[in-house]
Structures are given as structure tokens and as C-alpha cells.
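Student: Turn these sequences into a full structure, and let the hints guide you.
2 protein chains.
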Amino acid sequence: MQPFKLTEEFLAKVRLLIEATNEGELLALFEELHYADIAEIINELETPEAIYLIRLLDSERTGDVLTELDEDLREEILAELSATEIATELSEIDTDDAVDIITELSEDLAKEVISEIEDREHAAEILELMRYGEDTAGGLMAKELIQVNENWNITTCVREMRAQAEYVTRVHSIYVVDDSNVLKGRLSLKDLLTSPNDAHIKDVYIPKVDYVGVHEKSEEVAKVMAKYDLEAIPVVDEMNRLVGRITIDDIVDVIREEADKDYQQMAGITQDVEADDSILDLTRARLPWLVVGLIGGLGAAMIMGGFEDIISEHAILFFFTPLIAAMAGNVGVQSSAIIVQGIANDDIKGSIASRLSKEMLLALFNGVILAVLLFASTWFWKGHLLSALAISLSLIVVIVMAGLIGTFIPLFLNKRGIDPAVATGPFITTSNDIFGILIYFWMAKIILGI
Amino acid sequence: MQPFKLTEEFLAKVRLLIEATNEGELLALFEELHYADIAEIINELETPEAIYLIRLLDSERTGDVLTELDEDLREEILAELSATEIATELSEIDTDDAVDIITELSEDLAKEVISEIEDREHAAEILELMRYGEDTAGGLMAKELIQVNENWNITTCVREMRAQAEYVTRVHSIYVVDDSNVLKGRLSLKDLLTSPNDAHIKDVYIPKVDYVGVHEKSEEVAKVMAKYDLEAIPVVDEMNRLVGRITIDDIVDVIREEADKDYQQMAGITQDVEADDSILDLTRARLPWLVVGLIGGLGAAMIMGGFEDIISEHAILFFFTPLIAAMAGNVGVQSSAIIVQGIANDDIKGSIASRLSKEMLLALFNGVILAVLLFASTWFWKGHLLSALAISLSLIVVIVMAGLIGTFIPLFLNKRGIDPAVATGPFITTSNDIFGILIYFWMAKIILGI
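Those sequence lines, one after another, are chains R and L.
Take the first sequence: its position 247, counted from the start at 1, is 247 in the working numbering, and no numbers get skipped.
Take the second sequence: its position 59, counted from the start at 1, is 1059 in the working numbering, and no numbers get skipped.
Honestly, the hints are just simulated from the structure, not real lab data.
Take these hints with a grain of salt, some might be off.
Okay, the calculated beta carbon distance ranges per label pair [claimed, not checked]: (1) R/D346 / L/I1295: 32 to 40 Å; (2) R/E107 / L/P1207: 43 to 51 Å; (3) L/P1288 / R/E313: 48 to 56 Å.
Below, simulated DSS-like cross-link-like pairs (lysine-lysine); rule was C-alpha separation at most 27 Å, straight line [claimed, not checked]: (4) L/K1223 / R/K261; (5) L/K1217 / L/K1013; (6) L/K1227 / R/K261; (7) R/K261 / L/K1415; (8) L/K1005 / R/K415; (9) L/K1190 / R/K190; (10) L/K1005 / R/K217; (11) R/K223 / L/K1227; (12) R/K227 / L/K1349; (13) R/K217 / R/K190; (14) L/K1261 / L/K1217; (15) R/K184 / L/K1005; (16) L/K1261 / L/K1445; (17) L/K1217 / L/K1190; (18) L/K1111 / L/K1227; (19) L/K1415 / L/K1223; (20) R/K208 / L/K1349; (21) R/K223 / L/K1217; (22) L/K1349 / R/K382; (23) R/K349 / R/K382; (24) L/K1349 / R/K261; (25) R/K217 / R/K349.
Where a beta carbon is used, it is the ideal one built from N, C-alpha and C, also for glycine.
Tutor: This is the structure we're talking about:
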């Protein structure tokens, strides 16, 4: 099939059918749709319409639909459903997705829902997963996986796999464990297809298998899976026992969320928001940086106010403050962004000192080019040699300083275990602006001999 | 295995062994390593050392190592290898990876390499893939896949699959085609394991399968695969014939590259660079924005120069220009970034007009809060009511204008088929700065009655 495209017409039709409570046609319409498409449709509906559909459709599909919905809408829907209804939805989805939904509920409701889940093993697995931190391998993994005992033969293995496969959406790898559930290796589909039926697993399995510990950070898991092009990775506990499996689709989500977060951080957006969020939510996300910027701007104004006595004679110095502030900010963000990406990709090698001396050279090189351009234009514009010289020379110093700060801060944050992406955000940019203007006036005063 | 961690000691040992041309120990050391780890090691070596290792190790692994290397180093290594040597490496890797490497070679060398590839079918497939644009499904797909004819029975199917599996690293899905190679559906591993041996494929296969057209854009493919949590997707030509398969590991790369590009764009970095690139490369990537910023700063200086006659009486207006420029820039980037992400995630619905009116409300709301803060601090600082009022009211207008421009530009670019991420880059920010300062002085003059 070609991917489904949601049109206005389709949406209008769905709404009409819901208004007419035309169950038959609605069921027929949704029959062929993927749960991700159904979620896309429901995201566009009003909450009561959404709840009507969730109740109407088979929970085998609505469970997965729930996991794909926008968080706000899901919250509203779950608030309307009974604990038993929620439990039915959760019974139909993988343990990792069930945990994601349950952790959004109030503690009491969560308990009630878990007690209502009919399959007690499923409920126990969900409870087990709830113990792990959201940003760890344990928080990402699902209990659904195919595992075989090294002592089985191929025939037993295939029989057991058939039974397990009932509960596992996608097979990926077949993990081999010993009697204590310790991960020993994996069995390839090829070997399964090509080995004689009475061969023992322990004689045909591949003893090499990548795995991660249950407390490993999500970002690390993402790096490992991306590096080795893995589609699934088994998760083991402290005793190397197989406890779960992480699949690449969850890692794709981690990578995207991580990228979105870094992007918003650089844009000065302090919370995860979307264009469709309310004005209040958007304000909460946007106002903090603007306030920081305002304070920075006030600081800059006060610095300039301190040089007020030279304003009548050297007005030109004041005209160039936005330029100086912008260049300090830009150079700072460029340097930080490269370091932040380098850290994210494990590409930063060598000492902080060697990084700083490289950045100094680079900033000096760029600074001289820019200063020559600025000198020529300013001299041409105002015809005042000494001012042009003072402004241009200060620019070099400001650029070098901004480059050094932009390089140092993310490296320093990373060494202290803080997310270096913070360095591209408001505080650093704003302080670069202020420092830039301060250095600029000092330098200019010295050169102009004021 | 726990993921491999490259240490300084390990690297020093490798270098010593290379210097001593100790082939035996080197082979033993690399025996157990994944090609991604070997690539990580080689990335840290000097080019002659790297070439020595590539020649020493088995081409069954060095082929994959080559695909994982940093582009610059790979280029240097390929320049030293003969066409026959390159052909041997390429024979061992998947067609999509082979194409990525071949397209980096000069046209003549590429031809020679292809003619040297022993497996003529492999060579023909590589040639076929080279026809497609790099950013399309055709440019991403590999020819390696498992396909079965709908007219086969399970026994034939398993036999043929065993043969095909020789050439396919990972199986993922089994695609079902008819006699004309038209994609009909897929066969699940479950069905394969659970159907009787004499069952015909056409009676057990799943006729629903997601696919993409060979000319579909990579970003679209990434969206589809992420949305439906697919690990592989078949690619069909205009006549619905199965021509290739895209796997999720390539999509993970697409998602990361796309995110890196957007991130660098916002940081004002115009080319894909890494912290380890040369100062010249880094300058090429960073200087363009800085020059744009410089021109913007000169523009701002000239605007301020135009108001020079009021500087002695209203110096305070000049002190606030960095603040106004920073706020205009910040608000603009915030609005653009949210729209750019919304477009990337297909979340932007409704008309441009409705977006703009929402942003106007939001900017007005934020603007008023910030203006009140600014008014209070300025009044407190300088005690001049009218100036404080003029500066604060102008700030509101500047913020609303910056928000509207920041919202409009990416929506407009997207409508015209241009990557909206450009809107977070230098040109928009810089023009927001200039417009902001211009509006500010105009407004202030009106309010102060100058």
C-alpha cells in the first residue's frame, strides 16, 4: 500500500459518521487502517469524538492507537475511561508501551488499572518495567522477545518459538539463554533454517551478541545501536540474565526527541512545545529566554550608560554596539554548536587545552578577516581612521573571546556531567553579548586614548 | 559482549604493532572486533597506517570498515588503493554501501572499479543504483533482499530463501512477488514456521505491505518508516515491480544527518563540519554567517547614524539598541524554530493566516509582559518616564513584528518548496535585528515627539 494521507474530506466524513453514530460505516472505514493512521485521524478530533471512536474500535488496535496519540489528547481520553477499560487497552500492547501510558496516570488509578489487567504475567512484567528510570535501557525495553534454551534441539526450539511468537510483534533475533536465564548468544534465522532438526542449540548458536545493561542511559543505547546498525538489542541485569529487549523504533524516537530538544534549546525554547500548543504553554516555553535576553540587554544598556561621558565625541562607538553584540553571540553559538555535536557523536578527542588553542587560531583568523572588512567599511563611511581602527581591533578581541567561551563552556559542562547543549542556550549567548560590549568599550577607550 | 570502548592504550598498541609490521598479532587483535569498531580505530590512525591495516585485514570486513570511515580519510585511502583492490572491497559489501563509496571516486576510476568487480550481477546492481538521486528512495535502497514467488510452496520457498540468504545480511521481511516481479505482499516468519510444507505462498502471504516509490524523497521515506515503526520497506518502480529494499539503519542515518543539518543551520554554520576538521574548512563553514552578521551590524550602525542628531539629548535610546536587536532576533528564532519543527513533523495544519494571528496574540502577550518589566527597570534606572515609555512600547511592536516574520518566512519557504530550516539561519535573524532597530527609533521618535 502507498502510505495513507489524511485529507480534509476524509476527516469531515469521519466527523459526520460519528455525529450520526453510524457504527457500521465507521468500523468499515477504519478496518483497513494502520493504528498510526488512526491515531493521526483521532489527533484531529474533539475529545468526545475521540473517546467515542476509542470505545467503538477493537481494543486490539486502540491500545496501539493510544500509544501514538498526542500526550494532551491521550490524557483527556484516559480521564474519561474506566480503570477496566484502560486495562483492556493495555492488555493488547507491548509492555514497554503499556508502561509509558501507565506512568501518565495518577498513582491510585495506575494501581487500579494494573489490578484489572487479566493476564497476570503481563501485569507483573509491566510492574517490573515501572521500576526503571525513563531514560535508561530498562525504561526503554519491552519484555516481549523470543528466547530459547541452549539445551533445546531445533524441533523444540521451533515449537517454543511458535508459542512465544504469539506475543511478539516482531521477531528480530532469537536469544539463547542457559538454565539460569543468563544470555549466552543468539541464533540466526539462517542457522535455524539450515540446521538439522535434532541439532542442539548449543552447537549452532552464535556466542557473540551485543547487549546493554539495564541501567545504561538511553543515549548510550542509541549510540551503540546506531554504531552497530542493530535493529534490536537484548538487555541484561547485573547477573547477565536476559531481562528485556530494546527495538530500533524506540531508539528512532529517542534520537528524534534528543535532536528536537537540542534544537529547541538553541532556539531558546525551554520546554518541549509544538506549534499547536496553547498560547499559555508556548509562553511558558518562550518567555524565560526572553526575560534572560531582557536582563542581558539591560546589562548592556548599563554598560553603555557608564560610557555616556564620551557619547557626544565618540557617538560612532555606540552605533556599533549591536554589531559587536551580534558577532559575539554568533561566534559563541557557532563554536558551542560544533563542540556540542562533536560530544554527541563521540568525536571530541584530545585535551580541552588543545581544543581551546585550535579555536583561538580559528577565531583569530576569522576575526582578522572580519576586522579588515569592518575597518574598510567604517573608514569609508565616516572617514575617521582612529575610530575605525579602534572598532575593528576590538572586534578581533571580542571574537576570540567569544570563540574561547563558546568552546570552553560545553567542554566544561560535559566534564561535570551536565548536558553540554545548555551552552548553546540563552545564558551563554547573553553573557557573550555583555562581555563583548564591555571589552569593546574598554579596548576602544584605550586605543582612542580617552 | 559489552560494547567496545577505544582506549588510548589500545590505540598505542595498534600503532606499535603496525610500526613493527607484526601481522600475526594485529590479525589476532582485530579478529574479534566489529567493523564499526575497526573503523573507529582506523579513524584515529595516520593515513599510511590506515592503508596498511586495510590491506592486511580480510576484505570481507574491510569493505564494511570503509563504509564507516570518516569521509576525508576514506578519500585518502581510496586514492592509494588500485582499482582492483577497491573492487575487491566493494564485492564484499551491500550494493547501497558500494554505491556510496563509488560515487566518491572520479568518473574514470569508478568505471574501472566497476569493470573489475568479479561478480557481474553485483556490478550490474551497483550500476543500476547509481542512476538514482542520492536523496531518494532509490539512492538509499539496496538490492539485497529476500523475495519469493507467490506460486511457490513452502518447501521451495525455504530452499530459495536459504540460497538468497547467503547474500543478505539481515532478513527482515520476506517479500512476495508475482511472475512479473510485481510486489504482492509479504510473508511473515510466523506463517513460514507454522504453515504446512506443501502450502502455496499465495494462500498464506499477507497482501498488505507498505512500500515506497523509487523516486520518493529520503525524508518522506524516513517519515513513513518512523510512523509505522518499520525496520525495512520495499521499494517499487513505476510499474510496482520490486526493485530494492531500504533498512532502518540507513534511515537512522538520514534522521541524524537531517537533525545535524538543521542544528548547524540555526547555529549559522553553512557546511557540514566537525570539530576535527581543518581551520580552513571550519572557516569556510563559519565565515559566511559572520559576514552576513557584519553587514547587518553595519546596517544597524548606519540606521543609528541617521538618528545622530538626537544622540546628545536622548542618549538612552542608543543604550537600548543591543537589547532591541537581541529581542527581535530571539523572538524571530523562537517562532521560526517551532514552525520548522512543526513542518518537519507534519504537525502544521490550518492556514498561514490562522498561524499568523495566533503568533500575533502570543507575541503581543509576551511583548506586554516584557515591556512592563523593561518599563519598570528603565524608569527606576534613569527616572525618565517618557523615555522609559517610548522604549517599552517600541519593544512590544518590535516583538510582534519579529514573531510575525519568524512565523511567516518558514511557512512561505515551505509553500515554495524550499527547506524552511533556512528561516532560522543568518539572513532572517540579521534582517530582524535591522528592522527591529529601525522600528524602535521610529516609534521612539514619535512617542517622544522629536
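Student: Need the list of violated hint numbers for this structure, in ascending order.
Tutor: 3, 5, 12, 13, 16, 17, 18, 20, 22, 23
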